[in-house]
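**Q** If you want the building blocks of each chain, they are given just below.
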Amino acid sequence: NAGVTQTPKFQVLKTGQSMTLQCAQDMNHNSMYWYRQDPGMGLRLIYYSASEGTTDKGEVPNGYNVSRLNKREFSLRLESAAPSQTSVYFCASSFSGLGQKGANVLTFGAGSRLTVL
Amino acid sequence: AQTVTQSQPEMSVQEAETVTLSCTYDTSESDYYLFWYKQPPSRQMILVIRQEAYKQQNATENRFSVNFQKAAKSFSLKISDSQLGDAAMYFCAYRSAVGNEKLTFGTGTRLTIIP
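From first to last, the protein sequence lines are chains L and R.
Quick note: to get the working numbering, add 3 to the position in the first sequence (first position is 1).
Quick note: to get the working numbering, add 960 to the position in the second sequence (first position is 1).
Hint data in this document are derived by calculation from the structure and do not stem from the laboratory.
Please note that the accuracy of each hint is not assured.
[Claimed, not checked] Derived CB-CB ranges, DEER-like:
hint, chain 1, residue 1, chain 2, residue 2, range
1, R, 990, L, 99, 47 to 53 angstroms
2, L, 6, R, 1022, 18 to 24 angstroms
3, L, 120, R, 963, 30 to 36 angstroms
4, R, 1022, L, 60, 35 to 41 angstroms
5, L, 13, R, 1070, 29 to 35 angstroms
[Stated by the list, open to error] Sample of chain L residues facing chain R (criterion: CB under 8 angstroms; computed from the structure):
hint, residue
6, 32
7, 36
8, 43
9, 51
10, 108
11, 114
[As the list claims (entries may be wrong)] Calculated from the model, a selection of chain L residues having no Cβ within reach of chain R, i.e. all distances over 12 angstroms:
hint, residue
12, 14
13, 21
14, 72
15, 88
Note that this is a predicted model, so its numbers are computed, not measured.
Backbone N, C-alpha and C fix where the C-beta goes; we use that ideal spot for every residue, glycine too.
Work out the full structure: start from the sequences and follow the hints.
**A** So, in structure tokens, the structure goes:
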């Protein structure tokens, strides 16, 4: 099992450029998430999708858009990158359940380091 | 909104000794999940242990155990017989058991293992 796969792993952008971070999971999870990690601030939720066809804002959604393309894929788009968006981005997925092994536990991708100059 | 606080930015422990990492949280809910995640230098987030709030018994996973104090809203992680491979950032996290499924993280504790 590949688990959660994010691409690209590294990216350097210039201010104002756009890009899309791709995420795919092969665990048949219903929920998917995008987090950003900055030094001293832990992980902060950007957007999440509780199921195919739905998306909701998290703690820091400004400057980002998301698409839940299907159950497997959840992409994060930066329309006009800013230096404040320099960060490590993590995609994660989970499934809900009561008493099921692994339920309600987030599985993370390996992260994508984005630098905006 | 729920908040998670880790008051120890850095901790260190001698190899083979025991260390406890602190975590407190704030919530008005009665049913929720608590987690500890480990992030080694590889950057991968790895689940260490989880606790359901409705369970009074503290969760354990081999050398890792928690002290869950629901009334005090405290969720500390104890690592016994510390090993060099335990060196990492450790994040405490909270998730509601009802409705909203997002995970709220603390700011992390960097654990150093002294050989």
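**Q** Failing hints, ascending?
**A** 1, 5 and 6
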